[in-house]
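Protein sequences, first through last, are from chains A and B.
Take the first sequence: its position 65, counting from 1, is numbered 65 in the working numbering, and each next residue is one higher.
Take the second sequence: its position 18, counting from 1, is numbered 18 in the working numbering, and each next residue is one higher.
Just so you know, the hints here were simulated from the structure itself, not pulled from any lab data.
Warning: the hint list may mix true and false statements.
It does not matter which identical chain is used: a pair holds within one copy or between any two.
The calculated lysine-lysine pairs, modelled on BS3-like cross-linking and capped at a C-alpha distance of 30 Å, are [unchecked claim]:
{"no.": "1", "residue 1": "2", "residue 2": "120"}
{"no.": "2", "residue 1": "137", "residue 2": "46"}
{"no.": "3", "residue 1": "93", "residue 2": "34"}
{"no.": "4", "residue 1": "197", "residue 2": "145"}
{"no.": "5", "residue 1": "145", "residue 2": "120"}
{"no.": "6", "residue 1": "145", "residue 2": "2"}
{"no.": "7", "residue 1": "93", "residue 2": "197"}
{"no.": "8", "residue 1": "123", "residue 2": "34"}
{"no.": "9", "residue 1": "145", "residue 2": "178"}
{"no.": "10", "residue 1": "197", "residue 2": "137"}
{"no.": "11", "residue 1": "34", "residue 2": "145"}
{"no.": "12", "residue 1": "120", "residue 2": "27"}
{"no.": "13", "residue 1": "178", "residue 2": "46"}
{"no.": "14", "residue 1": "2", "residue 2": "137"}
Number of protein chains: 2
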Amino acid sequence: MKLAFTPASPFARKVRIAAIELGLIDKIEFVPTKVVPAEANDEYMKITPLKKLPVLITDDGSVILDSYVIVEYLDELAGGGKLIPASGPDRWKVKSDHSLLQGMLDSMLLCRYENMVRPKELKWQAWADDHWNRAWKGMARFNDKPEVLSRPLDIVQIALAVVLGYADFRYADCGWRKAYPNLDAFHERMLERPSVKISLPPKT
Amino acid sequence: MKLAFTPASPFARKVRIAAIELGLIDKIEFVPTKVVPAEANDEYMKITPLKKLPVLITDDGSVILDSYVIVEYLDELAGGGKLIPASGPDRWKVKSDHSLLQGMLDSMLLCRYENMVRPKELKWQAWADDHWNRAWKGMARFNDKPEVLSRPLDIVQIALAVVLGYADFRYADCGWRKAYPNLDAFHERMLERPSVKISLPPKT
Chain A
1 MKLAFTPASP FARKVRIAAI ELGLIDKIEF VPTKVVPAEA NDEYMKITPL KKLPVLITDD
61 GSVILDSYVI VEYLDELAGG GKLIPASGPD RWKVKSDHSL LQGMLDSMLL CRYENMVRPK
121 ELKWQAWADD HWNRAWKGMA RFNDKPEVLS RPLDIVQIAL AVVLGYADFR YADCGWRKAY
181 PNLDAFHERM LERPSVKISL PPKT
Chain B
1 MKLAFTPASP FARKVRIAAI ELGLIDKIEF VPTKVVPAEA NDEYMKITPL KKLPVLITDD
61 GSVILDSYVI VEYLDELAGG GKLIPASGPD RWKVKSDHSL LQGMLDSMLL CRYENMVRPK
121 ELKWQAWADD HWNRAWKGMA RFNDKPEVLS RPLDIVQIAL AVVLGYADFR YADCGWRKAY
181 PNLDAFHERM LERPSVKISL PPKT
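If we strip away everything but chain A, and leave its shape as in the complex, we get:
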């Protein structure tokens, strides 16, 4: 299998951590791929018109997206029910919490594009504030869920570690550790995992 990725992509990082934790990392070839908002990448758009990372290309040439579906696919390859509960009420809690984290990441990326990619004179502060607020309030939600932070590893914890790593990467001064001490302790515990440590975004 091949994974189109870049080390700076939090969505690709999520898949990478999952693949390591599921014991599948050696079956995946990582293909560095560059996508930039408001710039074309015609070659990659033949694979996915969305021009988003990551996608997984299976050995028979099927293209799997998005990052969550890729994790579901890898989870099934690994036997099923490893990072996402296979059934029961927990399944919907985990899926919903993951959707929340996915949306938080989307908002953090929109916020970054607004602040750091879009031409400065075209910045709309209210839009950036709105999206940052979604991510920030989402962090508060998880800070207040000690049961989520301490249970055995699952996709919610992986996605949450990725959100916090992305906050460090792109918003180093946002102060999440001070505001959310439970998340700080959780993140420290997650960093003890080689999968989480090795996949940290590059230094800026």
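Fit chain B to the known structure of chain A by using the hints.
Then chain B, alone, in the frame of chain A:
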């Protein structure tokens, strides 16, 4: 169950069509909810910090998001495997095609925010063009998949009908029918379903 929704939300429309087709519509109370980019909605953000529609609130008070997870949940309530294959290679094709359509809708909404919600003087044309291009090339992808357009109803067809309905709603002059005749014929067939017809976005 309660669904936070607005008739203008394509994501909420997808859930509504699925609920009708699964025979679950009478179990859902629709709660009109207003969310606007760059404007606060503190009450709704207590339910979901993402401030996005729709969310489903189950009878025990659980909050399920996003629209795809809600459809999965309803599909399971209806017995499973109705709109999303329960297993096999088709499962990943359907999930990936749905993710593509979800991303196309995200891009169409970003494009609308750029063109019609953001203050005019802050518009970044290259960003709007990039996102429109993703949706447009995505449509081409489905126009060239006759097998997807003609098989029994599933979540991909529902999401595709929603994408095309949203194109009519917000980009009435984009010319998708002329550019993509297979999608035009598909959309006409889909409109024969009461679920698709009754859920059309309001006239603008």
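Going through the hints against the structure:
no., hint, verdict
1, 2 x 120, "neither (37 Å within a copy, 42 Å between copies)"
2, 137 x 46, "between (37 Å within a copy, 9 Å between copies)"
3, 93 x 34, "between (34 Å within a copy, 25 Å between copies)"
4, 197 x 145, "within (23 Å within a copy, 42 Å between copies)"
5, 145 x 120, "neither (38 Å within a copy, 41 Å between copies)"
6, 145 x 2, "between (35 Å within a copy, 24 Å between copies)"
7, 93 x 197, "within (27 Å within a copy, 32 Å between copies)"
8, 123 x 34, "both (24 Å within a copy, 25 Å between copies)"
9, 145 x 178, "within (17 Å within a copy, 51 Å between copies)"
10, 197 x 137, "within (26 Å within a copy, 37 Å between copies)"
11, 34 x 145, "between (36 Å within a copy, 28 Å between copies)"
12, 120 x 27, "neither (43 Å within a copy, 49 Å between copies)"
13, 178 x 46, "between (44 Å within a copy, 22 Å between copies)"
14, 2 x 137, "between (35 Å within a copy, 23 Å between copies)"
Hint check: violations occur at hints 1, 5, 12; the rest are consistent with the structure.
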